[in-house]
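Q: As a plain string of letters, each chain reads:
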Amino acid sequence: GIQVEQSPPDLILQEGANSTLRCNFSDSVNNLQWFHQNPWGQLINLFYIPSGTKQNGRLSATTVATERYSLLYISSSQTTDSGVYFCAERETSGSRLTFGEGTQLTVNP
Amino acid sequence: SAVISQKPSRDICQRGTSLTIQCQVDSQVTMMFWYRQQPGQSLTLIATANQGSEATYESGFVIDKFPISRPNLTFSTLTVSNMSPEDSSIYLCSVEGLSWSSYNEQFFGPGTRLTVL
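Taken in order, these protein sequences are the chains called F and G. The numbering used here applies: residue 1 is where the first sequence begins, and numbers increase by one. The numbering used here applies: residue 1001 is where the second sequence begins, and numbers increase by one.
Partial pick of chain F residues on the chain G-facing surface, computed with a CB cut under 7 Å:
{"#": "1", "residue": "G41"}
{"#": "2", "residue": "S95"}
{"#": "3", "residue": "L97"}
{"#": "4", "residue": "E101"}
Keep in mind the hints are simulated off the structure, nothing from the lab. As the structure is a prediction and not an experimental result, all values here were calculated from the model. All C-beta atoms in this analysis are idealised placements derived from N, C-alpha and C, irrespective of residue type, glycine included.
Could you put the whole structure together from the sequences, leaning on the hints where they help?
A: Next comes the structure, spelled out in structure tokens:
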């Protein structure tokens, strides 16, 4: 099956800083999603981005399907951005989402 | 946006007992799934809940341990049977095929946090 690798595993920022999270895939990108899991465990959809670039407020994402990676940019980070960020890719042969191990982000005031 | 609810939100259970988790969506969806997230880990798919037929289980998960029902297009249950402390996890349902969403985009319920003593 697909292998999904995320980096960095942990990231500590000061409020206001910018960051880039990366997701690499072992196979073709079909249905890439980025999620934020808040400290209460809720998984929140950030982007559905099989290719190209999307922006939503302070967050943006870029997927380069031909090179099998995706990037999530967080600008002017806030303490509420803390949590775990997951990328996930859907298997071409089924409906399973394969998740990366996540990036634990801590934003300090 | 759709509302996906799960009951219970959390529970503490004794080993050897069973717990049934419910997932309700406020609109019809084509696909429903159940995932497990063990402490400090990522999410792993348990099974796809098929309406009106047996669920499709992933490798390492069996029906006797995780029976699943999906009687209609908006509701599913997952039972964790004969629980042991190793079953302590967050269990999440997800849905796909919301009319207003991108094709194949999955959305998750709030999760059920299970602790087995």
